[in-house]
Amino acid sequence: MSKLLTVNELCTSFFTKFGEVKAVDHVSFELDKGEVLAIVGESGSGKSVTSMSIMGLVAKGGKIISGEIIFEDEDLAKKSEKELSKIRGKEIAMIFQDPMTCLNPVFTIGNQMEEVLKIHQKQLSKKERHAKMVEMLEKVGLANPLERLKQYPHELSGGMRQRIMIAMSLLCNPKLLIADEPTTALDVTIQAQIVDLMRDLKDEFNTAIILITHDLGVVAGIADKVAVMYAGEIVEEAKVDDLYYHPLHPYTWGLLKALPRLDMKENELRPIPGSTPDLLLERKGCPFFDRCEYAMECCKEHRPDKFVKENGHSVKCWRYHEDFKEVE
Amino acid sequence: MFKYILKRIALSIVIVFVIATITFFLCHAIPGGPFDREKPLNPTILENLNKKYNLDKPLGEQYIDYMVDVAKLDLGPSYYYTNQTVNDFIERCFPVSFLLGVCAMLVAVVLGIPAGIISALKQNGWQDNILKILTTILVSLPNFVIASGLMYILGYKLELLPVALWGTPQQMIMPVLALSAYPLSYITKMMKSSMLEVMSSDYIRTARSKGVSKFMVTYKHALKNAILPVITVMGPMFAGIITGSLVVEKIFAIPGLGQQFTEAIFNRDYTMIMGLTIFYSILLISSILIVDIVYAIVDPRIKLGKEKVE
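So the protein sequences, as listed, match chains F and U.
Throughout the first sequence, residue numbering follows numbering that gives the first Met the number 0, covering 0 to 327 in sequence.
Throughout the second sequence, residue numbering follows numbering that gives the first Met the number 0, covering 0 to 309 in sequence.
Wrong hints could be hidden among the right ones.
As the list claims (entries may be wrong) - Cross-link-like lysine-lysine pairs, in silico, DSSO-like; alpha carbons within 27 Å at most:
id, chain 1, residue 1, chain 2, residue 2
1, F, Lys59, U, Lys188
2, F, Lys16, U, Lys121
3, F, Lys117, F, Lys138
To be verified - Quick partial rundown of chain U residues pointing at chain F, CB under 7 Å, derived from the structure:
id, residue
4, Lys6
5, Lys223
6, Asn224
7, Lys302
Calculated directly from the structure, the hints in this document are not laboratory data.
In this text the structure is predicted, and so the values were computed from the model without any measurement.
Built from N, CA and C at the ideal position, the CB exists for glycine as well.
I would like the entire structure built from these sequences, with the hints used as guidance.
Structure, rendered in structure tokens:
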């Protein structure tokens, strides 16, 4: 069976007055129906740009340079704006980071939800649309759905708005849901509720999810696969357990070590020293070279190849080259 | 909301009362009187005149008399034009100023809002560049320069339009254009920046991700948000345009209120100055009130008079 989504060597750049910024640099990954892929990485690593490229909504100044985005055997990168708008909201839906600003303040919840159905399911009558909205609001766990439909976004809390965003995104039973840091702006208890909700809904609708986050805790709770992004590249990709128990890339080691733990001494945090490279500069070697404590001479000049283990665990690091030997 | 409006009207009356009081005492504080002429009047005549208009009474008494009349909406007789009241003047001249102002404002809104939207959507395109240059010129040129320019080109050189006076539609074109130049450019610029801000906001991205077309995103989701700050400036701007048309009225010899106002000050026409000041304050206050009400209708986040609930 073919994959739901195959992203192949995707490159997206922003053209600024200082030059080309390669925000997404030869990114490839695959996604099955109902599968959850988490993309983790620090700010500016290209996670959001990857997702916006899939939606065809890269911000002004940005452009998909090369690569394929095969969704259900069709290349989204080649589709026109008009064709894409038929897929957006229907086949691929999206929820965003900040629920406080993601809903239009001057329209009611009902109006904004109904819009999706009016665009993508024209055959529904007004009554059917209404029934569907109420049903969906109940599914995401909102009390008084009838009341909610008449309310404006400012009358609701952050958690409620994120639930509404989720309800709105699932109205047309999309095959793929892209969640761009859906829990970042929420407090911890609400975060847990939203993650639970997304997992339940995924099971119910068999929706594939691309979850973009920098919270490795959220990842462990919901994802099947994890891709670690760094400076526009996917440096490691594995099943969630493999990644947590057998991380391969030095950057992933750093990330996992940086997680605060209960048994850690107070105020003790272990950050990865240094900062992400300037994407404006042309680079030859490994993007993590400057910050990597295991860096070798070859890492400076040559970009690492992708090494794939039998269980599908892939990594871009010279340490996994067959000629690599640990020197004491 | 109804209660709130009543409250605001009550408050407005207090404000008008304060303005009237201040104007009254300021007028009388200026040296000289309404009957000072280059050649001094015969003292007996002056005395009789003062008596006729009650100017011989103590100031406090005059103030009370005047305020009682104002409360009865009688702004008193003009001291300069015999046998004419301030109310007559307003009745006669205000419709002219009002028509001129409304037309200018209509031009500004009808052209300014779409121009601002185009400018924002085609940011840094040729449409935007042309509009940028035009609005900057129109904003910086004072309206009497624009008025004289129009008169010279359209009226004198090309002889397309009558240079002055008021009455026919042709006579209206130039003053309306001259008067609308500033608000037009201002609304265009404001609409543009507001639109740009809204277009890059999160809820626009949400709308796009739902599959809403570019057109609908612009005209449904963005416009209603982007127009809010423009509405805010429109009220005072409108009040300003129908009262501040003084220079344009003078240049085109239009018998409006603006001209009356300046003349009243030169003539020390106490009642006329005070009457017009009160009239203008009422206009300004009501236009601000109307803006607030419109704002509450457009923006659901604003609930008039409910800030103390919860």
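Hint check results:
1. F:Lys59 <-> U:Lys188: 21 Å, holds
2. F:Lys16 <-> U:Lys121: Judged against 27 Å, a Cα distance of about 19 Å means the pair holds.
3. F:Lys117 <-> F:Lys138: Answer holds: Lys117 of chain F to Lys138 of chain F is near 20 Å, not above 27 Å.
4. Lys6: 24 Å, violated
5. Lys223: Holds, because the Cβ-Cβ distance from Lys223 of chain U to chain F comes to roughly 5 Å (cut-off 7 Å).
6. Asn224: 6 Å, holds
7. Lys302: Interface hint status for Lys302 of chain U: violated (10 Å vs cutoff 7 Å).
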